[in-house]
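Number of protein chains: 6
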Amino acid sequence: MSVKTKTIVLLSDLEDGQEGDFFAALSARTSSQTREGKKYWRVTFRDAQREVSFPIWNDSPWSKACESEWQIGECYKMRATYRRTQFGPQLEIRKIRATVEADTADGFDPLLCLAKSRFNPAQLMAQLRSIATEELMHPELKEVVLHLLETHEPALLKLPAARRNHHAFVGGWLEHVVSATRNAIFMADKYLADYPELRPPLSRDLVIAGTILHDIGKVHELQLSLDGADYTAAGELIGHILLGRDMLRDAAREFDLEGEMLLRLEHIIVSHQRLAEWGSPKPPMTPEAMLVHYCDDIDAKFHTFLTALEESAEGEFTSTRNPMQYRIFRGSGL
Amino acid sequence: MSVKTKTIVLLSDLEDGQEGDFFAALSARTSSQTREGKKYWRVTFRDAQREVSFPIWNDSPWSKACESEWQIGECYKMRATYRRTQFGPQLEIRKIRATVEADTADGFDPLLCLAKSRFNPAQLMAQLRSIATEELMHPELKEVVLHLLETHEPALLKLPAARRNHHAFVGGWLEHVVSATRNAIFMADKYLADYPELRPPLSRDLVIAGTILHDIGKVHELQLSLDGADYTAAGELIGHILLGRDMLRDAAREFDLEGEMLLRLEHIIVSHQRLAEWGSPKPPMTPEAMLVHYCDDIDAKFHTFLTALEESAEGEFTSTRNPMQYRIFRGSGL
Amino acid sequence: MSVKTKTIVLLSDLEDGQEGDFFAALSARTSSQTREGKKYWRVTFRDAQREVSFPIWNDSPWSKACESEWQIGECYKMRATYRRTQFGPQLEIRKIRATVEADTADGFDPLLCLAKSRFNPAQLMAQLRSIATEELMHPELKEVVLHLLETHEPALLKLPAARRNHHAFVGGWLEHVVSATRNAIFMADKYLADYPELRPPLSRDLVIAGTILHDIGKVHELQLSLDGADYTAAGELIGHILLGRDMLRDAAREFDLEGEMLLRLEHIIVSHQRLAEWGSPKPPMTPEAMLVHYCDDIDAKFHTFLTALEESAEGEFTSTRNPMQYRIFRGSGL
Amino acid sequence: MSVKTKTIVLLSDLEDGQEGDFFAALSARTSSQTREGKKYWRVTFRDAQREVSFPIWNDSPWSKACESEWQIGECYKMRATYRRTQFGPQLEIRKIRATVEADTADGFDPLLCLAKSRFNPAQLMAQLRSIATEELMHPELKEVVLHLLETHEPALLKLPAARRNHHAFVGGWLEHVVSATRNAIFMADKYLADYPELRPPLSRDLVIAGTILHDIGKVHELQLSLDGADYTAAGELIGHILLGRDMLRDAAREFDLEGEMLLRLEHIIVSHQRLAEWGSPKPPMTPEAMLVHYCDDIDAKFHTFLTALEESAEGEFTSTRNPMQYRIFRGSGL
Amino acid sequence: MSVKTKTIVLLSDLEDGQEGDFFAALSARTSSQTREGKKYWRVTFRDAQREVSFPIWNDSPWSKACESEWQIGECYKMRATYRRTQFGPQLEIRKIRATVEADTADGFDPLLCLAKSRFNPAQLMAQLRSIATEELMHPELKEVVLHLLETHEPALLKLPAARRNHHAFVGGWLEHVVSATRNAIFMADKYLADYPELRPPLSRDLVIAGTILHDIGKVHELQLSLDGADYTAAGELIGHILLGRDMLRDAAREFDLEGEMLLRLEHIIVSHQRLAEWGSPKPPMTPEAMLVHYCDDIDAKFHTFLTALEESAEGEFTSTRNPMQYRIFRGSGL
Amino acid sequence: MSVKTKTIVLLSDLEDGQEGDFFAALSARTSSQTREGKKYWRVTFRDAQREVSFPIWNDSPWSKACESEWQIGECYKMRATYRRTQFGPQLEIRKIRATVEADTADGFDPLLCLAKSRFNPAQLMAQLRSIATEELMHPELKEVVLHLLETHEPALLKLPAARRNHHAFVGGWLEHVVSATRNAIFMADKYLADYPELRPPLSRDLVIAGTILHDIGKVHELQLSLDGADYTAAGELIGHILLGRDMLRDAAREFDLEGEMLLRLEHIIVSHQRLAEWGSPKPPMTPEAMLVHYCDDIDAKFHTFLTALEESAEGEFTSTRNPMQYRIFRGSGL
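Protein chains in written order, with full-length UniProt numbering: chain G, 1 to 334; chain W, 1 to 334; chain P, 1 to 334; chain H, 1 to 334; chain V, 1 to 334; chain F, 1 to 334.
In short, the hints are calculated from the structure, not lab data. Treat each hint with caution, since some may be false.
To be verified - Computed spacing ranges between beta-carbons, pair by pair: (1) F:LEU10 / G:ALA105: 56 to 64 Å; (2) P:GLU311 / V:ALA65: 33 to 41 Å; (3) F:SER60 / G:THR34: 47 to 55 Å; (4) W:TRP57 / P:GLU51: 33 to 41 Å; (5) P:ASP230 / V:ARG84: 28 to 36 Å; (6) H:SER68 / P:PRO200: 33 to 41 Å; (7) F:GLU277 / P:PRO200: 44 to 52 Å; (8) V:GLN325 / G:GLY279: 26 to 34 Å.
Here a beta-carbon is modelled for each residue, glycine too, at the ideal position from N, C-alpha and C.
This is chain G alone, in the form it adopts within the complex (with noise of 0.2 Å):
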C-alpha cells in the first residue's frame, strides 16, 4: 500500500465518467453473444447499493481473467470509470484482483458488496423500538419485546428477512419487520374502533407485539453468508417458526409474561405462515394471528412483486422465475 494509494470510495456513490478505486463483488457471469454471433461475456459487479452489468468482450485485456479466473461470490478490488452509456451503466476496467487480508486496514469489509436495503438499519431498529416503547401497554409485554430487540440488535442489523422470497438482502429483517408493524398498527386500531363488541376485544398489544416477533426466530435459521444467507443447522431441522417461539418463552421467563397473554403470542408465531404446507403448524385460531398473518404477508407480497419487477428491466411481462412462479405485469405505463 504505498502513499499514492487513490482513497478508496464507493462504487454507489461513482459519477458519471468519474474513475475510482473500490470494492465490488462479481454476482453474475454468464457468456453471451450478439446478433451477429460475436462472443462475449456479460459481468455483474455490486457494492451494497449499485449493481453494473456489461460486456467483457473477446478481445478485452480482461477477456482471460474473466473466463478462467474471476470466481461468482468473490470480492475484488477495483479501479475503473463509471460510465451511463446508450446500453445502461458500464464499468471501464482499469485494475482489478480478488480482496486481500490486508484489505480490511483500508475499510474492506464483505459485507459491503452484499446487497442491502435503501433504508438504514439503525434507523429502522430504532423505530422499531420506539413503536415497541410506545405502543404497547401491556408491561411485561413491552419489556419482553424490547429485550428481544436489544439482545439479538447485532444480528438483526444484518439480518435478511429470507433466503430468498423477499427482502433478500442486508437490513431485510428489519425493513420487512418495521413495514408490517406499521400495517399491523393500522389494522388493529381500526378493527378495535369498528367492532368494540368483539368479545373479547381484540388485541391491539398483541397485534403489534405479534408482528415484531413474529419472524424474530430467523436469527437463529439463517446465517449470512457471502453468497447470501444460509440455513442453520437448527433452521433446517426445526424452523424459525420454533426457534422463535423459544426465544419468545426464555424471555417471557425471564419478565414474567405468562398466562392467556402469554399463550396467544406463542400462538401467533406459531401459525403466522397460515397453512401447513406454508410452514405454519397451526392455522390462526384468535383474531389477532390473523391480522398478523395478513399484515406479514401483505408486506411479503408487495416486496416479492416489486424484486421481480426490478430483476427483469423490460417486456410488459416478467419472466416466471419468481417466487409467485407466474408472470408479473409491467405494461407499458399508465
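Take the given structure of chain G and dock chains W, P, H, V and F to it, following the hints.
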C-alpha cells in the same frame, strides 16, 4: 284494524319489561331437554337488530302451535313483553299470528325481520361515494366508479356481501366494501410512499377503485330472500367476478375509460380471489391487484372470526362449524 | 347407606346370571324398531373393561326414565343381573340412579367407567422405565428420558394416546409408547447391524429415546374427561409436538444434554408425523427420525385396524366410519 | 436480383436429389458428438410443411457460420439439394443468407416458415361456416356464430389452437374447432335421440354453437410470432375464456340473442375447461356444457398424443417431455 | 289363492283411474308437514319402470302400518287405484301386505321391483354382439370379445353399470356399454380417417374391443341385491379393473390372443379411469386407451346429469347431492 | 492375447499403490475448474464394488480422449495404479481402451461394472428360501412362494429393487426383500402375541408370504441394462403390481391355493404401495396388508436415506436431489 290497535314498535326498541306489538321472524326452533329430562322447544325470534332465544315449555299455551304451525323463516305479528332474565333476554308472548298482506298498511316489510348491518347503509353509501369523489384523480375512472355506485344504489343499499361466509346480512356489501376500501387507502398510501422507485409507480387510483368495484358483480349474483340470499341463475352459471367485469366494461365504454387503465382494473376484479380454487381465473399479476386481494380478504376474514365468536356464546373455543372449518379461540379473557 | 347395602362389585366381574350392585356409565342410547315395527331404546352401559348393549322395551318400567332422564356420559349406580343370551350379553336392571357425591365413599371413581387399556398401566410404565434404564447408553440422554417419565408419571398412567384415532382410552399413551418402543429397539438393532458403513452410524440411543418421547407433549395437549379426552387451550393453539419439545428442552437444560444430540432428538419430536398436512412442521431428515416415524405409525395404524374390526361386530367389511375412512376387511375366517 | 435468379420453390416441394432456392427457418441447433467423439452441430431447417434435420460437420464450410452467425427462429434464403439418405432427409447447402426486406418481392413471408396445419385453412373455414349455416336452427344464434366467424376470419385463418399443448401451428385453431364440432354434431345427435325424456331436451344448437365458439377468445389471447405464438397482455391478464365471452356478448347484443339461450351459451364458454385448476371459473352445469367440454378435450388430447409420437421418432415409448408429462407408447407395430 | 284372485298386473302398466293387483317395493318414506303444520308420511312405491310418490295422511287407515310396519326396500303385494292428480300420480291403496314365498307362483320376482333400464337388455346384448361380430377384424380379438359376452351373458343382462354414480339399475351395464361403444365406433372412424399418418395407425379394433370390455370386471365386482348393488369381497379388495383384466387374460390364453395386441388391450382396461385418484393404476398411454377413456366417461357423465335432473323435479337448479357434487342447471326452458 | 498379458484383477481389490489390469465403466464425467481457474475433467470409473473419482488435467495424455472419445456407461479395460491420496482415492492410468468381444475370454462381463449389493445374492436367495421353508405353515402357500422364487431365481439374483429410488443395483431386489421380510417376521410375531383377541387372528403366514412376494412383479417390470435398469413395455403399461399378482395367480392355480387365503394375498400385493398416488389401486384393507406396506416402506426409505448420505460426501446436509426431495442431515458427528 280497529281504533284500539296498539302502535307497532320494533322488537329491538323494547326495553326490559315493556310490552309491545311488533313484527318478527322465527329464525330457529330446536327441540331440547333439561338435565332433568323435561322437553321443550327453544325458539328464536328476530328483527333486523335483535335476536331473542327462549324456551316454549310443553305446558305453554303456545306449545302446540310451536310444534305444528310455526314455520322457520316466516314473519309473525306478535304482542309480547320483553324481559332480561338471568337466562338471557326472553319474550312472554301474548298474541302471535303469521303476517298477512294487510300488515303492509301498518308498515310491515319482510326486510324488517332480516339481520342487517350495525351501520346505516345510506351513510355507508355516502362514505363510499365521498371516497370515490375525493380520492380518485383519474377523471374517467372516477366517473365510472360513481356511475356504477349510483346506478345500482337501490340494490347496493340492501345487498349482503356474501351468502354465508361473511357480512351475510342486509347492508353487508356496503359495510364490507367501505371497510376494505379504507384498508386500500392506507395500503396504497403506504406502499406508494415507501417504494417510489417502483416502475410503473403504484397506482393509488387503481387500488382504491379496484377495491370499491371488486365485488360489484354481487348485484347480479345474489338476490335477497326472506331466508338470506340466493344465487341467481347467472350468479351460479357465470359468477360475480365475470358479471362485475361486464358492469365495469359497460360503464367504461360509456365514459371512455380505456387502454391499460381499464385492462388493469378488469384484471383486479378478475383476480381478486387470488387462486383458481378460490374462484379467480387469473392470479393477481400487478401490485395493485395483489393489494386489492389482501384489503378484501383481511376484512372478510376478520368478519368471519367475529361472527364465529358471536355465534357460539360460550366455551374457550367455538365449534368448527364456521367458514374457517376450524375452532376459533375465545379464551377466558386477557 | 344402611347396613344391608350389598357390596359393590365390578360390572366386568359379573358372571352369567349373577346379580350385583355396580357403577357403570351410559355410553350410548339409540331409538330403534323391530322388523315388526315395535319401537324400543337400545342402550349401552360400560365400565372400564366391559360394555353391555341391550334393549329397553316400551313396556319396560325403565322406558320413561331411559327416554327423558338418563344422560349419555353420566355414571349410574345400578343393581342388575348380567345374562349371556342368544342376542348377546344383557342386563336386567333392578335399580338405577345417577351417582352422587357420597358414592365416593363406596369406592366410586368416574375413571372406573371409562374404557381403559387391557394392560396394567403401572406395569407398562415399569417396562418403559426399564427400557430406558437398560437400553440407553448416553448418560445425559438417559437422565432426561427417565426424568420426564418420572415427573409426569401420574398423568402418563391415565393418558390416552389420542382423542379418537387410536388407543383412545385410559392408559392408551403407555400401551402405544411401549409397543412403539419395542418396534424401535428391533429396527435400531437391525439397521445398525446391517449398515455399519452409515456415517455417522445410526444412533440406537436416539431411535429409542425418540420413540419414548415422541408423544410426551400429549401430557399438556389432552385432558381426560368423562366422555374421553379434550384438547387443552395450549393443545389446540400450540399442539403436542411443540409442547413436547418444550418439555424435552427444559429437561435437557437441567441435565446438560446439548449440542447435536439434543438437536437430533428435538428434530425427532418435531418431524414424527412426517408430513406438514399430518402435523409435522418438518419432515424426518435423519435416519433416526425416519425410523421413529415408522415405529410410531405402524403401531398407531395397527390399533386403528383392530379397533375398527372390534367396533363393527358383523359382516365381511367394517363401515367407512373409522380413521382410515375406508372399509376394513374381516372376511369370513381363513 | 439479376435475371439469372432461380425461381423460388418450397422446401416442402423438393424431391429427392433436387436442388432449389427456398426460404426456411432455422428451428433448432444442438451441439452433438459421434460415438467416436467427433463433434458436430445438428441443425433443423423448416418451412410450413417440412422439417429437415442434419449435421454440420466441423470441417464443413458452414461450420463457423453455424456456430456464430445463424440464429434460431430466423428465416434464411437457401440454395440446397434435398436428399433422402439412410440417416433421414438431409440438405446439402450451397448458399445461405438471412432473409432481407427485399425478399418480399420474391414472395417471402415469414409465415412460410412456420409450421402449419395439413389442412387448407380456407377450406376449414368454409366447412365451419357451412356447419353453422346448415346445422343451427335458432336464427339469432346462427347469426351470432356466422357474424363472429366472418368478423375474425383473417385472424382465424392463421391462429394456432394453443401456444404449445396441441395444434400449436398456423391454422391450428380451425383444424381443432372443425374437428371438435364434428364430434359435437355426433354427440348431440346421439344423446338427443337416446334420451328424448330429458327436460329441457338437449339443445343440439347449443352443443354445436358452443363448440364452434368455445375458443373464439383465442383471437385476442394469442398473437402469432415468428417463434410460434405469444400471449397478449389481455390474454395473460384476463384470458381467452373471458375474452371470448365478451365477443359473444357483443355479438349477441347486436343480433338480439338473449335470455336463457344466451346465458347457456356464455356458460358453455365459461366452463369448457371443466375444472378451476384447468382454467374454468365454473364447472359445466348443463348437459350441453358437459358435452362441449368433452368434444373439445378429446380432440385436443388426440392431437397431443399424435404430436408426441411424431416428435420422438424412435423407441417403444416417447419421452415424458410432452403435455401429458408421461411417456406415450408407440410399440413396435401391431 | 282362491278362484276370485284378480290377475296380477304391473304398476307401470296401470292407466289413470285403473285399479289393479301388483307387486311394488317401498323405496322411500319421509315424515313431512304441510304449511299449516299437518303432519303426514310421504311414501314412494316403485316397480321396474314406474315410481309413484304420494302422502299417507295421519287419518288414513294405513297411517299406523306406514309408521311402524312398512320397511324400505321390502316388496309388497298391493291392490290400489292409480290416479294422475294435479299433485302428480298417486295410489289409492285398498290392500297391502308384504310379499311371501308363495307369491312366486303368481309371478313375483324381486327383480320386478328394482329400477331397470328403459332399454330391453336382450336387445342391447344382441346389439353389442352384433357390433363385435361386424366391426372387429382381428380374428382372435373378435373371438375373445364374443366369448366373454357369451360366457357372462346371464350376469350382464342384469348388471348395473355402477353402484351409484350412473346407470345404477338393472341392465345399466349393457345400456352404458352399448352407448359408449357407439361413441367408440364414431371416434375410431373419425380419427383414423383424419390422421392417416399416425404410426402405428390408430387401431379401430382396439378402440371398439376396449370399450366393450372396459368394465367387464364389474361382473365380479358387483352383486345385485334388493336395494341396488353391493361390492363383493374381491370387488372391494381387488377392484373391477384388475378383475376384468384377469377375465381378458384367461380368454386370451384360450383363443391365442397375445403379444402387443393383448398388451394394448390390457392397458386399455387398466387405464380407462385415467387418473390414479379416479382408480386407474396407469394413465392412458396409447391413443386407443385415451379414446376409450373419453368414450366411456362422456356416456357416464351424460347419464349422471340426466339422473340428477330427473331426481330433482323442480327449481332452476338441482341440489348438490349428485355425483358431480355441484348443482346442475335445468332453467325454465329454452 | 499374448503370454505376457497380466492377470485380470478387480478394481475393488486393488490396494493402495498397486497397479493392475481391470475392467471398469466410466460412470460420470464433468467439466470442472480449480479456484485458480484451471480447467479439468472430473471422471468416475467403477466396478461392482468400488467407485473412484479423480481429475484428468488438461495437460494429461488422456485429456483429449477423455473429452472426445470416452463414453459414459461404456466399459473399459484399463491398466492403472490405485492410490489413496489426501484428495481421496485416485487412479493413475497407464493404458485404457473400450472393451471388446474378445475380452469375454478374459472373464469380462458387463455386470462386473454395475453397482451391486454388498451382500452375496446367492446367500440372500438361500436365506429367503429358508425363511419361506421354515416360517410358512400353510402348505399351499409355502409351495406357491417357493415355486415362484425357484422359477425366477436367475432373474431375481440380478434384479435391482427399483430403477432409482432405493436398492437400485444388481442384487438389490433380494437385499431389499430379505430385509423387509425380516421386518415382517418381527412385526407378525409381535402383533400376533400382543393382540390375541383380533378376529380373525393376524395371519403370520400372510404377512411373511406377502412381504416376500410384494415386489415379485419387478421380474417382468424391469430389465437390467448397462446404465441401470429400464422399464419393459409391460412394466410401463401395466406395472409390477398387476404383473406380480398375475404371477401369484398362475402359481396359485398350479398349487391349489385358493379362497380367502389367495384373495388376501392378492390384496397385499395390490395394496402394498398404500395410496393411489403412490401406485396402489386399493389401500391396505387388512391388518396383514397394512403391516406388509410398512415392512416394505421402512426398508426402502432407510436405504434411500443411506444412499443420499453416501452420495454426497461432504457438508452438514445432502442436497435435495434424492428421492425424498429434501435435504438429509449428516451433521458433524455425535
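Now for the hints, and whether the structure bears them out:
1. F:LEU10 / G:ALA105: 56 to 64 Å: With a Cβ separation near 57 Å, F:LEU10 and G:ALA105 satisfy 56 to 64 Å, so the hint holds.
2. P:GLU311 / V:ALA65: 33 to 41 Å: The hint (33 to 41 Å, Cβ to Cβ) holds, given that P:GLU311 and V:ALA65 are roughly 35 Å apart.
3. F:SER60 / G:THR34: 47 to 55 Å: At roughly 35 Å between Cβ atoms, G:THR34 and F:SER60 fall outside 47 to 55 Å, so the hint is violated.
4. W:TRP57 / P:GLU51: 33 to 41 Å: holds (36 Å)
5. P:ASP230 / V:ARG84: 28 to 36 Å: With Cβ atoms ~58 Å apart, the hint is violated.
6. H:SER68 / P:PRO200: 33 to 41 Å: Violated, since H:SER68 and P:PRO200 (Cβ atoms, about 52 Å apart) do not stay within the stated range.
7. F:GLU277 / P:PRO200: 44 to 52 Å: Since F:GLU277 and P:PRO200 have Cβ atoms about 33 Å apart, the given range 44 to 52 Å is violated.
8. V:GLN325 / G:GLY279: 26 to 34 Å: Once the Cβ atoms are compared, 30 Å apart, the range 26 to 34 Å for G:GLY279 and V:GLN325 holds.
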